[in-house]
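**Q** Modelling step: build the complete structure from the supplied sequences, incorporating the hints.
Take the sequence shown: its position 220, counted from the start at 1, is 238 in this note's numbering, and no numbers get skipped.
No lab work stands behind these hints: they were computed from the structure. Watch out, some of these pointers could steer you wrong.
[To be verified] Taking lysine-lysine and the BS3-like style, the derived pairs with C-alpha atoms no more than 27 Å apart in a straight line are:
no.	residue 1	residue 2
1	LYS729	LYS653
2	LYS609	LYS688
3	LYS550	LYS685
4	LYS708	LYS552
5	LYS729	LYS550
6	LYS552	LYS688
7	LYS708	LYS685
8	LYS708	LYS688
9	LYS552	LYS685
10	LYS550	LYS688
11	LYS685	LYS609
12	LYS440	LYS653
[Stated by the list, open to error] DEER-style ranges, computed between Cβ atoms:
no.	residue 1	residue 2	range
13	PRO707	GLN483	42 to 50 Å
14	ARG504	GLU467	16 to 24 Å
15	THR201	SER652	26 to 34 Å
16	GLU625	ASP740	37 to 45 Å
17	GLN499	PRO707	27 to 35 Å
18	ARG491	ARG761	47 to 55 Å
19	THR170	GLU480	50 to 58 Å
20	PRO707	GLU514	38 to 46 Å
21	GLU514	SER173	29 to 37 Å
Every residue, glycine too, gets a C-beta built ideally from N, C-alpha and C.
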Amino acid sequence: DVKIQISLAPDGIYTVAIRAMGEQSGFSRSFDATAAARLATCLRGDTAEAGAARDLRVLGETLYDFLIAGGDDGLLHRALVRGSEQGGATLRLQIDPPDLAALPWEALHDGRGFLALGDDFSVIRTLPRSQPARPLASGAPLRIVAAAADPTDASPTLDQALERERVMQALAPLQAVGLAQITWLENATVNTLYTALQEDADIFYFSGHGGFEPEHGGGLLLLAGEAGGAQPVDASDLTSLLAKRADLRLAILNTDLSAHGDATAPALAAALMQAGLPAAIGMQGTLRDTSAIRFAQRLFDALALGRTVGAAVQAARRELAAAEPESFEWVLPVLYTSAPDEALVAAETLRDAMPAPRRAELAELERLIARSPRLEAIDLSLVAVTLKASRATVGNIMVRRVDVVALPADTDVEIALATMLKSGHGHIPVYGDSIDDVRGMLNAETLLETLRTQRTSGPIGEILQAAFFVPERMHIVDTFQAMQERGSDAAVVIDEYGGMAGLLALADILAQIVAFDWVEIPAGPFLMGSDKRKDDQAYDDELPQHTMTLPAYRMARMPVMVAQFAAFVEATGYMTQAEQQGSAYVWTGQKWDDVKGANWRHPRGPESDVRQKQEHPVTCVTFADSAAFCEWASKATGTTVRLPSEAEWEKAARGTDGRIYPWGDDKPTKELCNFGSSVGTTTPVGAYPKGASPFGVLDMAGNVWERTSTKWVGNYANYRPDDSPEGDATRTVRGGSFFFNVRFVRCACRNYLAYPRDNVGFRVVSPGF
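**A** Printed below as a string of structure tokens:
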């Protein structure tokens, strides 16, 4: 440690005492605190405005020059050189004069860079105490009480759900192995906080609004009142609640001005430390909500990895600087402590508590690998047509930086295993100083092999694969081809400044293929079934005609294509029922044959192929296959996707006027649909625009039968449709197909075909719009 104390002599001159390397030194000098305070105003406005960067650097150099007055031979200079040579040092600043304490010493700049953003130094503040500080180390499990409050009369509104998600994500590896316990209080009140703190806790974390009001004793937090409005909690109340607890080690006040003080009152975080808490973190300004969330996630990431509290703050500070190069919010966090800087949970404790990977965990990792698409296994000819039709760039489909699951290079392999299994991602970027310093990629196969060879501890930085980088403006077709050439299943996406913009996995590209063209079907009644007085071709199972009322929904304009289904299979490794049983039914022109080797890839048997039919409807799929596709597509698109009910299908096909065919009551022709063996096989989806339904849905007559979710019943007498997913009951299909005659391509015609066939496909709907 390099200890620096600044005090004010009676003559108005500041004195500086330095202790380092077993030596002591000191000097006295004047300092224009008012001018420095004017420079510090750059932190209060728009940090991107002209001159702000210059002002912060000038301020940092001014503060550094004040401390380094001893010159090159001075103790501080020698201590800084020694610290740099030996891997780092901690600057402990005790700044007694309030006017100097209010300055951002975390911005110290030595002419080459800001000390707090480098590899060698962390900046900690300390205050005089009457009692020795309790140690920071607490052992495991780490017990955390987190209080969030966003009173209705406070602004701006905070995204505390996202903050909770990020903090919980950071702590997930420790929670998975029983090394962390967290109690999260939503809309925390004084009473709920008091009750929660009756249990043992090592960390108190507050997320919300705060302020500094000298007339109310200085710093304060805004908890929720009984009516939802703000309930101020001042320094006196907070210190009574927190500082006397023998078990509490650290308070993190992720709120406005919690590290701001003046001549009338100390900063709120400083008051907690001075009253007996070993350490407290506050903010000497206002962090934007997005930055506060980023700070919290990185801070807890580092604490969970066994970093010292000072190193954890340093890591979070760097993350802010890397994420927003034009902002100076990284200066705002302040750590107050008089205790030795150490980890809350020692690295040895973490290693000892981590169990060797169990057989079940390795099996789960194997399943994750099996589910992940493999670049070398993908047949580009099955998916290229939809990729080329897309205008999407990498930036449109990547996982954005704030959602990327990434780990520091010194993360233990056990923590990496827990993180990978919880996230479900088989590729995790690994970084050095910040997330922009990507050192490589940890993939599931390498991790599995490492664990199988009985290496159950050690940093993941030793088992990385080289990272593949792509610009965010690159088109997805070019990206896919580049990934194929490189043999990489994932890529780190970089922005125009070279920083990480996000992560792109092969599954993200495959999901882009499933870009459904939705047609809105409005809520309301329609005529379902047939009336033989109007339609003498009607079957008895279409009777009686009746009125059905449906809520609004969206129907895919066209059936699911081969390319879309191929993307699903490549992304998940799914095997259809036809592939599992080794055959499907094929119409030979005279009868149905159970043909060995027939499946969605080879719909008429091994000699057939869909490589040149990417835009044709997929066939040889069952209800279960269709439902599995829908489940994946829902996750891939972020939209609920399912099979249509029988009623939804018929309304989308015929509209509300009871017409016989999608285009009206006239019989079909070869220009309206693919039927009656005129073509003899499927045609590309959307090939018959003149046969569109009243809503604009295509291919509702002919081409392929389409599966629905509704279980078959013999007619509509006392009709109560059952669309539940459970059970093996046969479900209806609609639409006729390429070799059925005019009677079967009517909107009301129903059929039931359970087995995979070369003339049965499906389309999807999404509820509401």
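**Q** Does each hint fit the structure? Answer for all of them.
**A** Outcome of the hint check:
1. LYS729 / LYS653: Holds, at about 25 Å.
2. LYS609 / LYS688: Judged against 27 Å, a Cα distance of about 24 Å means the pair holds.
3. LYS550 / LYS685: Within the cut-off at roughly 16 Å; holds.
4. LYS708 / LYS552: Holds - the C-alpha atoms of LYS552 and LYS708 are around 23 Å apart, at most 27 Å.
5. LYS729 / LYS550: holds, 24 Å
6. LYS552 / LYS688: holds, 24 Å
7. LYS708 / LYS685: holds, 13 Å
8. LYS708 / LYS688: Given pair LYS708, LYS688 holds - Cα atoms ~10 Å apart, limit 27 Å.
9. LYS552 / LYS685: Holds, at roughly 13 Å.
10. LYS550 / LYS688: Distance of about 25 Å is within 27 Å: holds.
11. LYS685 / LYS609: Within the cut-off at roughly 26 Å; holds.
12. LYS440 / LYS653: Holds, because 16 Å separates the two Cα atoms, which is no more than 27 Å.
13. PRO707 / GLN483: 42 to 50 Å: holds, 48 Å
14. ARG504 / GLU467: 16 to 24 Å: 21 Å Cβ-Cβ, so the 16 to 24 Å window holds.
15. THR201 / SER652: 26 to 34 Å: Holds, at about 33 Å.
16. GLU625 / ASP740: 37 to 45 Å: holds, 40 Å
17. GLN499 / PRO707: 27 to 35 Å: holds, 32 Å
18. ARG491 / ARG761: 47 to 55 Å: holds, 54 Å
19. THR170 / GLU480: 50 to 58 Å: holds, 51 Å
20. PRO707 / GLU514: 38 to 46 Å: Holds, since PRO707 and GLU514 (Cβ atoms, about 42 Å apart) stay within the stated range.
21. GLU514 / SER173: 29 to 37 Å: holds, 33 Å
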